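Student: Note that the protein sequences, when read in sequence, are chains A and B.
Residues in the first sequence are numbered consecutively from 0, following numbering that gives the first Met the number 0.
Residues in the second sequence are numbered consecutively from 0, following numbering that gives the first Met the number 0.
Derived from the structure by calculation, the hints contain no laboratory data.
Incorrect hints may appear among the rest.
[Stated by the list, open to error] Stretch-level coverage of chain B by chain A, calculated; a stretch enters the list once three of its residues show a Cβ under 8 angstroms from a Cβ in chain A:
(1) 33-46
(2) 58-67
(3) 71-77
(4) 80-93
[To be verified] Below, computed lysine-lysine pairings styled on DSBU-like, alpha-carbon distance capped at 30 angstroms:
(5) B:Lys59 - A:Lys11
(6) A:Lys9 - B:Lys18
(7) B:Lys34 - A:Lys11
(8) A:Lys77 - B:Lys51
(9) B:Lys51 - A:Lys59
(10) B:Lys34 - A:Lys82
(11) B:Lys77 - A:Lys62
(12) B:Lys18 - A:Lys77
(13) B:Lys62 - A:Lys77
(14) A:Lys51 - B:Lys34
(15) A:Lys62 - B:Lys9
(16) B:Lys82 - A:Lys9
(17) B:Lys34 - A:Lys75
(18) B:Lys59 - A:Lys82
(19) B:Lys34 - B:Lys59
(20) A:Lys18 - B:Lys59
(21) A:Lys11 - B:Lys11
(22) A:Lys11 - B:Lys82
(23) A:Lys82 - A:Lys51
(24) A:Lys34 - B:Lys77
(25) A:Lys9 - A:Lys34
(26) B:Lys34 - A:Lys59
Being a predicted model, the structure only gives us computed values, none of them experimental.
Virtual Cβ for every residue (Gly too), placed ideally from N, Cα, C.
Protein chains: 2
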Amino acid sequence: MNYKSVISEKQKRMARFAKAMGHPVRMYVLELLSKQSCCYSGNLSDDLPIAKSTLSQHLKELKDAGLIQGEIEGPKVKYCINKDNWADARELFMQFLNQENQ
Amino acid sequence: MNYKSVISEKQKRMARFAKAMGHPVRMYVLELLSKQSCCYSGNLSDDLPIAKSTLSQHLKELKDAGLIQGEIEGPKVKYCINKDNWADARELFMQFLNQENQ
DNA sequence: ATACTTGTTCGTAAATTACCGAACAAATGT
DNA sequence: ACATTTGTTCGGTAATTTACGAACAAGTAT
Chain A
0 MNYKSVISEK
10 QKRMARFAKA
20 MGHPVRMYVL
30 ELLSKQSCCY
40 SGNLSDDLPI
50 AKSTLSQHLK
60 ELKDAGLIQG
70 EIEGPKVKYC
80 INKDNWADAR
90 ELFMQFLNQE
100 NQ
Chain B
0 MNYKSVISEK
10 QKRMARFAKA
20 MGHPVRMYVL
30 ELLSKQSCCY
40 SGNLSDDLPI
50 AKSTLSQHLK
60 ELKDAGLIQG
70 EIEGPKVKYC
80 INKDNWADAR
90 ELFMQFLNQE
100 NQ
């Protein structure tokens, strides 16, 4: 896992983000959060046909990748996009997707 | 794996692409191919510190996800971006990344 | 015909991912 | 105090991923 040569830091960061995005449930959550500002995992749990524990894991993964952040609010948890890292990811992907014009 | 509800086809397709992009080596290859038109896997093999067979697997995965295509040319294989699917992925990601403005 | 180059496939091992239900922790309501 | 709601963590299992070297197939060169 230590390709110090050839492979750039950007590529590694992008791969990390992409990996987190590499599951339908996680894309669903990300898209939801990128549209509306926040959501509670309870609502997600109602909509998605998976166990609470499974959803929790997916959310953890998005959090570990830095794409979202959770905030405890009473007994619930409110999830939002992690704006800084989201901006970073955006930037990376935009650059990457526009590369043919360079 | 059959979330017929809630999760859209777009989200599933994007997750598929993202998954394929979720490894540093594959991002490296994709970025290379998106800049220059094509490359031979031999050159990749020279640059990347992984076994030929491992590289071959990564290339297969990018191919299975539809992001690249390979063409046999003599004893070598020439790899290019799969333009149609690339355009599709581009479109999907662009839409996704610009969602906050909607 | 034989050797070499090139890249895929096979077999295998180790690590990671995905999923579930049960158990748990923490806050809220009664 | 006790029950309820909410969400995470734990334990376990099955599937997938990542990696390697060896074996193989196919084309090229001698």
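Student: Assess, step by step, whether the Cα of A:Lys51 is no farther than 30 angstroms from the Cα of B:Lys34, and give holds or violated.
Tutor: 43 angstroms, violated
Student: Is B:Lys34 close enough to A:Lys75, meaning Cα to Cα at most 30 angstroms?
Tutor: 46 angstroms, violated
Student: Decide if the proposed pair is consistent with the structure: A:Lys77 and B:Lys51, CA atoms, cutoff 30 angstroms inclusive.
Tutor: 46 angstroms, violated
Student: Is the coverage entry for the stretch 33-46 of chain B by chain A consistent with the three-residue Cβ rule at 8 angstroms?
Tutor: holds (count 3)
Student: Has the given pair, A:Lys18 with B:Lys59, been kept, meaning a C-alpha gap of at most 30 angstroms?
Tutor: 17 angstroms, holds
Student: Mind taking a look at whether chain A covers the stretch 71-77 of chain B? Criterion is 3 or more residues with CB to CB distance under 8 angstroms.
Tutor: As far as the stretch 71-77 of chain B goes, the hint is violated, because 0 residues have Cβ atoms under 8 angstroms from chain A.
Student: Does the structure keep A:Lys34 and B:Lys77 at a Cα separation of 30 angstroms or less?
Tutor: The hint is violated at about 40 angstroms.
Student: Given the hint that B:Lys59 pairs with A:Lys82, does the C-alpha gap stay at or below 30 angstroms?
Tutor: 34 angstroms, violated
Student: For the pair we were handed, B:Lys62 and A:Lys77, check the Cα-Cα distance against 30 angstroms.
Tutor: Distance of about 38 angstroms is beyond 30 angstroms: violated.
Student: Between A:Lys11 and B:Lys11, does the CA-CA distance stay at or below 30 angstroms?
Tutor: 23 angstroms, holds
Student: In terms of beta carbon proximity below 8 angstroms, does the stretch 58-67 of chain B have 3 or more residues touching chain A?
Tutor: This one is violated; 0 residues, fewer than the three required, reach chain A with a Cβ under 8 angstroms.
Student: With a cut-off of 8 angstroms between beta carbons, are at least three residues of the stretch 80-93 of chain B near chain A?
Tutor: holds (count 3)
Violated hints, listed in ascending order, are 2, 3, 8, 9, 11, 13, 14, 17, 18, 24, 26; each of the other numbered hints is respected by the structure.
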